[in-house]
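Student: Take a look at the letters that make up each chain.
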Amino acid sequence: MSDLSTAGPPPGETEYQRVQRSDEFQGLRRAFRNFVFPMTALFLVWYFVYVLLANYAHDFMSIRLGDSNITVGLLFGLGQFVSTFVITMLYARWANKKFDARADALRREIEEGEL
Amino acid sequence: MSGIVTQTLAGTPVVSAAEATDIGNPWVNIGIFGAFVLVTLVIVFRASRQNKSAADFYAGGRNFTGPQNGTAIAGDYLSAASFLGICGAIALNGYDGFLYSIGFLVAWLVALLLVAELLRNTGKFTMADVLSFRLRQRPVRMAAALATLLVVFFYLLAQMAGAGGLVALLLGVDSRAGQSLVIAVVGALMILYVLVGGMKGTTWVQIIKAVLLIAGAAIMTVWVLAKFGFNLSDLLGGAVEAAGPGGQALLEPGKQYGVDGTSKLSFLSLALALVLGTAGLPHVLMRFYTVPTAKEARRSVVWAIWLIGIFYLFTLVLGYGAGALVGPEAINNAPGGVNSAAPLLAFALGGEILLGLISAVAFATILAVVAGLTITAAASFSHDIYANVIKKGDVKPDSEVRIARWTVVVIGIIAIVGGIFAQNQNVAFLVALAFAVAASANLPTIVFSLFWKRFNTSGALWSIYGGLISCIVLIVLSPTVSGNEKAMFPSADFDVFPLTNPGLVSIPLGFLLGIVGTFLSKEKPHPEKFAEMEVRSLTGAGAEKAVAKH
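From first to last, the protein sequence lines stand for chains S and X.
Throughout the first sequence, residue numbering follows this note's numbering, covering 1 to 115 in sequence.
Throughout the second sequence, residue numbering follows this note's numbering, covering 1 to 550 in sequence.
Okay, chain X solo, but in the shape it has when bound (with noise of 0.2 angstroms):
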C-alpha cells in the first residue's frame, strides 16, 4: 500500500529522494538494521531445520499460531511507506492522509467474515486451489496463477524501488551506483531468507519487524501526546499553528482531494479498491494457510485487526505530531519529502538513536513485506502453474518444491534488476493498481466460487481476465501514464481515462463479467462438487491438517 499514499497524496514518489540527508548518524542507522538482519538470520536458519515438505515451505508446517499469524499478518500489510507515507500525508494534508488508514483497515472486515476461514478450509496452499476446488482445474489456475504473479509483481516492483529513495533518506547514500547497491543488498537478503527459511522464516521476520515497527511507533506517539499534555486538541491546534495561515484546512477533508469533481470522483474510486482489495490479494490470502485450523485463522485475522487498526490510530497523532514539531516548511524541505516526516518527528524527539531505530525498522519492513511476496508467487508459479497446469498434477512433492525455490531466485533478481531500472521512475501508481486488480479480478471470483451454487469456470475467467484486463487498459490510459508532468510519460498525451484509479469501473465490471460469463456458458453444473465445497468450508471436514511436529 505504499505507493498510494506517497503518490497520490503528496504528488512526490518515494524514489525523488536523490539528495542524503543531513541529520542523524547514518552508521547508527545501519548498525541497528545490521542487528536486526543478524538476528532474524539466525531464527530463518533455526526455523529452516524442519523444512522437508510442501506445506513446510508454502505454509510454515501450518503450525503457527492465530497471534502468532494475526501479527505476521500485520507484518506483512504495514508497508514501509504506510507507516512513512501516511505519517507524512497526516503532517502536510492533514485529514485527507487519515482517510486512508481508514479504508485499509475496514477491509479486514470483508476478509474476516466472509474470506478467511472458508478459504482455509477448502484451500492448499494457493488461491488458485480454491477456484479450482469445482471449476475446470487448469483453465481457472492460470487465470488465477497470472493474476496473482501479476499483482505480486506490481507490488514487488514499487516496494523495491521504494528501496532506493529510502536509502537516500536514512543512509545518506545519495548516488546512483550506491542506491543500487543497497537495492541488490535488500534483494539477496530477501533470497537468502526465503530459500532458507521458506514460509517458517519468512513469517518470523515478518512478526519480529511487526512488533519492532508497532513499538517504535507506540514509544513515539506516547512520547508526541506528552508534548501536548495528553490534549488531542492541543496536538491539533499545534499542527494548525505550524502551518501558518490556513492552517485551519489540515482539520477538514478536501485538501488533497476536494480539489474538482473529477479528483473527488478518483478517490472515491480509490476507496472502493482499498476496502476490497484487501481481502483479494494473494500474499494476505495465503497466509491463511498458515494455521492448523479455521478457527485459528479467524484468531489471526482478529488479532491482524486489532494490531493494525492500534497502529494507524498512532500515525494520526504521529502525522500531526510531525506537523506540529516538525512544521510542514521543514518536511517538504528535507530529502525524501513527504516520506520524511516520521524520521524527522523521531530525530525532533529522540535524536539520533531513535531515528536509528525507526529507520531501521523502515528497511526491516520492506525486507519482510518483499519476503512474504515472493514466497507467494514462488508458490502459484510452482504449485499451480507447473505442478498443476504443466504436469497435470503428476508430479513429486520434492521437485514441485524445488521448483519453488528456482522462482524465488529468478523472482528475487527480477526485482532486483526492476528495482533498479524503476530508481526515479514515479512507479508508485503499481501498488494502487494491485490493489485495483485484487479486487476486480480476485474478489469477485472468491467470493462467487464460495457462495453461489449456478457460478462456473466460464464465469470465472471473465470475472478474472476481464478484471485484469479492464484495470490495466483503464491505468494506462489514466492521468498517472500520461498527459502531466507527474505523469510516468510526461510528454506522451493519451489520458484519456479522466481518474487515477481505475477501480470505480473495473470492480463492479468483475463482478459483472462473473455473472454473465456464468449465464452464457454451456457448462453442466457439478452439484455434487459445490455440495464438497459447501459442506467442507463451513465445518472444516477434510481440510489440510497442519504437519506434525517432529
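Just chain S, with the same shape it has in the complex (with noise of 0.2 angstroms):
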C-alpha cells in the first residue's frame, strides 16, 4: 500500500480519500474523464445536428443521389447508426486494454490493504 500514499495524510482521513488523493487514481480519473467526456460531447453533438438539419433544412436532406431514391437524409441517418457503432466499439477496446487493467491494479491494491 505504501505506493498510493504521497504527501503526509490529514490526520482523520479516510482510507478511500488516501486513495483518492494518490497518483494512481487521479491518473485513472484523468484518463476515464478525457476518454469519456469529449466522446459524449462529440456524439451529442451529431445527433442534435442531425436532428436539426432533418427538422429546418428539408430541402437539402430531401436531395437525391443521381438517379436513385436514396436521399442525403437516409445517408446521415444511417450515419447515425454507423456512428454509433463505432464510438461502442472505441469505448469498448479503450476500456478493455487501457482502463481496466489500471482499474483492477487499484481495486486489489484497495481490497488487500482492507484486511
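Hints should not be assumed to be uniformly reliable.
To be verified - The calculated lysine-lysine pairs, modelled on DSSO-like cross-linking and capped at a C-alpha distance of 30 angstroms, are:
# : chain 1 : residue 1 : chain 2 : residue 2
1 : X       : 486       : X       : 124
2 : X       : 529       : S       : 98
3 : S       : 97        : X       : 453
As the list claims (entries may be wrong) - Some chain X residues near chain S, calculated using beta-carbon distances under 8 angstroms:
#  : residue
4  : 182
5  : 275
6  : 298
7  : 302
8  : 392
9  : 414
10 : 417
As the list claims (entries may be wrong) - Ranges of calculated distance between the beta carbons of each label pair, as one might list FRET restraints:
#  : chain 1 : residue 1 : chain 2 : residue 2 : range
11 : X       : 330       : S       : 56        : 29 to 35 angstroms
12 : X       : 394       : S       : 89        : 44 to 50 angstroms
13 : X       : 498       : S       : 12        : 52 to 58 angstroms
14 : X       : 524       : S       : 89        : 27 to 33 angstroms
15 : X       : 226       : S       : 56        : 33 to 39 angstroms
16 : X       : 42        : S       : 34        : 48 to 54 angstroms
17 : X       : 545       : S       : 33        : 23 to 29 angstroms
18 : X       : 421       : S       : 27        : 54 to 60 angstroms
19 : X       : 27        : S       : 85        : 38 to 44 angstroms
20 : S       : 12        : X       : 454       : 19 to 25 angstroms
21 : S       : 27        : X       : 35        : 27 to 33 angstroms
22 : X       : 413       : S       : 31        : 33 to 39 angstroms
Think of the hints as simulated: they come from the structure by calculation, not from any bench.
Note that beta-carbon positions come from the ideal geometry of N, C-alpha and C, so glycine has one too.
Join the two chains into one complex using the hints; note that each chain is given alone, in its own frame.
Tutor: Below is the structure:
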C-alpha cells in the first residue's frame, strides 16, 4: 500500500480519501474523463446536428443521389447508426485495453489493504 | 417506447383497433403464442429453484453474462409497438418514422459511457442505491422511488392498454369483454412469471423473446430485400410507387412533423427526451445489476447496442417493404391501422404461418416488457420505501423479498384493472411522458451524484421533484390531454403549453434545479463519502459480488 500514499496524510482521513488523493487514482480518473466526456459531447452534437437538419433543412436532406431513391437524409440517418457502432467499439476497446488493468490493480490494492 | 410512435406519428392509438382481423387464422396465432408461454414457463420454473436471497430475486444472483444480459436488455427495450409502431410509421410516413429509431439507439451511448459501469460498481438493486450513497438516505430514496414508480406505472399502463388493441388485431377477439379477458390473462401470466422466477425468470423470458423477435424480423428483412433484388433504392422506389401521387414525400423528412413551427419544436423536444431518457429508465438501470462485474455491464451494453441497432435497421426495410408490398391504403383500412403494417407484411410474404409467428412474437413482447417493469417497481417499493425508508434498514432480507412478492401481486392487479379501464382511451402519450420524466428527474441526479463533488441532498430533491412535477404539469397542459379531437379529453380546453412533449423545457429545468438546489443548501459536504463513491465507481472496489452458484 505504501506506493499509494503521497505526502503525509492529514489526520482523520479515510482509506478511500487516501486512495482518491493518490497519483494512480488521479491518473485513472483523468484518463476516464478525458475519454468519456469529449466522446459524449461529440455524439450529442452530431445527433443534434442531424435532428436539426432533418427538422429545418428539408430541401438539403431531400436531395437524391444520382437517379436513385437514396436521399442525403437517409445517408445522414444511416451515418448515426455507423457512428453509434463505431463509438461503441472504440470505447469497448479502450476500456478493455487501457482502463481495466489500471482499475483492477487499484481495486486489488484497496481490497487487500482493507483486510 | 411503444406509444410514442403509435400515438404521435400516426395519431392512431393501438387501442383504436376495435374490429376483428379478417386475415390469417387466429388459432394458428394462439397456438404459437401458447407454445411460447409453455416453453418460457418451464424455463422460469427451472430458474426459480435457486431463488433464495434478495440478490437472487432482484438481480438474478448477478450471474448473467454480458451477452445474456445484453440480449435481455434488447428484449426489455424493444416493446411490441416499437416493432409494430415503427414499421407502420415508416410505411405511412416514411423518413419521419425512421427518425424515431435513431433517437432510441443513440441514447444507449449515454448509458454505455456515463452510467452502466459506474452504477454497477456503486449500487445494489435500484437507482436510489446510487443516489443514497453519499446523500441523505431517506428523503433521497423516497424521491427516487416515487420517480421510479411513476415512470413504471406510466409505461405499464400504456403496454397493458395496447395489449387489448393487439388482441383485436391479431387474434380476432373484438368484443370489449374478450379484450378485457385477454388483458387479465396477460397480467396473470406476468404475475406468475415474476413471482416464481424473480429476476432470473424475467431475464430468461426477455432473452427468448429478443431472440424470436430479432430472428423473425431478420427473416422478413431478407425476404423483402430479395423481392427487390437486394437493391435498397428499388425498395424505396416501390414504396413511393405504391403510395401514388405525392409518394416522393416518403423519402423526405417532414411528412409528419414538418407541418408548422410548433410541430417542429415538438419533435425537437421528443428527440431530446429520447436521447437522454433511456439512461434514466429504471427498468433499464436495474438490468445492470444482474451481471457480476462492471466489465460485464459494459459487455451487456455493447451487445444491446448491436442488437437494437441491427433491429432498427431491419425495421427500416420492413417499414418501406410494407409500404411497397401492402400499400398505405390497405394498412390504413386494416383494423389496428398503422400497427397492422408489420403483420400485413408477414401475411403478404409467408401467409398464415409467418403471420402467426410474428403475432405470437408481438404478444411475447408485451409479456416480457411488462414483467421487467413489474419487478423494477417491486424492487423499488420493497427495497427503497419499505426496507430503507419505513424500516430504516432494519429488516431481514427474507421479509424484504416477501414484501417485494406482495408488491408484484398488487402491481399486477393495478396493471390489469388500469389496462381494462384504459382500453379505447388515448393513453399512448404516457410512454412519451415516461421518457421525459426519466430524462428530467432521473438522469440529472444520477449524473450529478456520480460526477459532481459539490452535489448534495437538496440538489437531488429539487431536481427529482422539479423534473417530475414540471413534466406532469406540462403534459396536462399540452394538446395531448385537451383542446382537440385526438386528445384524451377532447371536449375540455386547457392546452396552454403548445408542445406534445415536455422534454424541451423540463429536462434543462431538471438539470438547472439540481444546481440551484445544491447551492441554496447549507448541508455540510461529505468529502469522505464522495471519495468512497468515486473510488468505488471507477475501480469496482467493494462492489456487490455475484451470488455463488450452488
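Student: Identify every previously stated hint that the structure contradicts and give their numbers, smallest first.
Tutor: 1, 4, 8, 9, 10, 14, 21, 22
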